[in-house]
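Visitor: Okay, here's what each chain looks like letter by letter:
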Amino acid sequence: MVEFALLAPTFLMFLFLLLDGGRMMFTKQALNEVAAATARCAAIKGTGCTDATSAQNWAIARGLARDNLQVSSAVVEAATCNGVANMSRATINTVWKKSAMGLLPQSLVPSTLTSVACFPIAG
Amino acid sequence: MTGRHGFLRHERGSATIEFALASLFLFGIMLVGLDFGAYAQQNLRLGGAMQQAAVIAFNNRASSTVDTSSLGNYVSAAAGGSPTMSYQCNGGSCSGNWTSMCIAAPATSGGWPTFTAATTSNGKPSCADGAAPGNYLVMRATRIYQAVVVPDKYLSGKTMTQQVIVRLS
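So the protein lines, in turn, are chains A and B. What the first sequence shows, in the numbering used here, is residues 1 to 123, in sequence order. What the second sequence shows, in the numbering used here, is residues 1 to 169, in sequence order.
Everything labelled a hint here was simulated from the structure, so no lab data went into it. Don't be surprised by glycine CBs; every beta carbon is placed ideally from N, CA and C. Mixed in with the good hints, there may be bad ones.
As the list claims (entries may be wrong) - Okay, the calculated bits of chain B under chain A, using three or more residues with CB under 8 angstroms as the criterion:
no., stretch
1, 16–24
2, 44–55
3, 71–79
Just chain B, same shape as in the assembly (with noise of 0.2 angstroms):
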């Protein structure tokens, strides 16, 4: 006690600045845990919202144009968050007319699926690995996870990706 003077040789209040370090630790802890659920909850319901565009693109398969605007406003209404959505038909764009082309796996790890001509016999499109022909439509979301605490690399990358294809006809 000697070599303290005034304020640092009261002792009285300790409890309370030690509940007060205490409790700015268990905040952290907290926001931790919080940032995961965060993180898990976006990314699920992005997911979801993708499932449900690709059963509304599958219920309008008969209109001769892939309707991706109305498409885009349903997963950002459904998912929260403005996502960046792009689409492909049959690995080009989705105007203009499709011809039938066979999907295979995506050339790089996490690219877009790969297509390509279906050949004819007997008047009839097939696949050479034996794939159904059709017109697919590959619909991706993004969404960037703004992290409060948790470093982006815990978060496998803070882009959020959600990915969807289906078989129209």
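Next comes chain A alone, as it looks inside the complex (with noise of 0.2 angstroms):
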């Protein structure tokens, strides 16, 4: 009974840490997802995203709707991805709000989750 009070608190710790670790996983996902629909939309000019700007709106409201995720800031412009020009790039960011993670020092830990991902502009 002892021991077990002693170990519970490990266990705990490795099971949120776990879960929280995943939700990283999920959020990072999320993100990455995001990025390649916001790169996409921009090179394509679609509906809604056919500046900068909008495209911004685009991805925050993405983000939003679909895995409810808090986009910071995003980033679209044309640049050279992988040796190849001529391509839209999407840089997306959000913050990461730690839960169980706060156990770990910061240096481990990201403060803010970022993806970036590229499509060729179709022309």
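Fit the two chains together into the complex; they arrive one by one in their own frames, and the hints show the way.
Guide: This is the structure we're talking about:
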């Protein structure tokens, strides 16, 4: 019983760190998806993202609508990606609110998650 | 208790031992989940890179040759893991002149699309099945997934394949 009392905090810390790690991976994946969709939308000049500013707003709206992701900043620009010019590049950031990860040193846990995606500009 | 001596007789610390054993089990379960996740993620990433390569190839359609090496470099950089690339232009190699061909389904499942010559009537090429005759680039990327714990047969074969077909002209 005493041993369990001693081990329980360790076990719970282990469990909650796993949950928080999973939550971080989920957020990162959602961010990747928003970045890829935004780069594509800007590249094909789809409805609602015909210029850089509207594409930023489109990214923010999509993050909220699909994954309840609070996009803190979005930059959409024409760039050279992986050696190929004339690409649309989206850089999307979100503030990472840590919970159980607060137990870890700050240097190990990012305060912002970033995702970059490119899509060739159709032409 | 009578049959046990020394270390085995002590029952203090049993919860610690149980915790150690349970942790191993928990890690095992987690690894399986990670394995499936990594497989799906790599496969999707390869597919995304191939879609982008198709658009890049289409953007350069005015060029007389298909720059397969730069397409391959792009897919490698975008998908990671150095996938093996192979290309077919109207069913043949991508060097040399193109002639307008008709595209049809592969003869065998997972094979390359088949191509037949277009028939010309009134100076205009056409296909018997109504498909649009043209110059088709078929690109295929394969990548081997190194599974950590899950046997390959549960990952629909460990080789990930993504193929795109783009009509350049």
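Visitor: Given as covered by chain A, does the stretch 44–55 of chain B meet the bar of three residues or more with CB within less than 8 angstroms?
Guide: Since 3 is at least three, the answer is holds.
Visitor: In terms of beta carbon proximity below 8 angstroms, does the stretch 71–79 of chain B have 3 or more residues touching chain A?
Guide: holds (count 4)
Visitor: Check, residue by residue, whether the stretch 16–24 of chain B contains three or more positions whose beta-carbon lies closer than 8 angstroms to a beta-carbon of chain A, and give the verdict.
Guide: holds (count 3)
Consistency note: the structure conflicts with none of the earlier hints.
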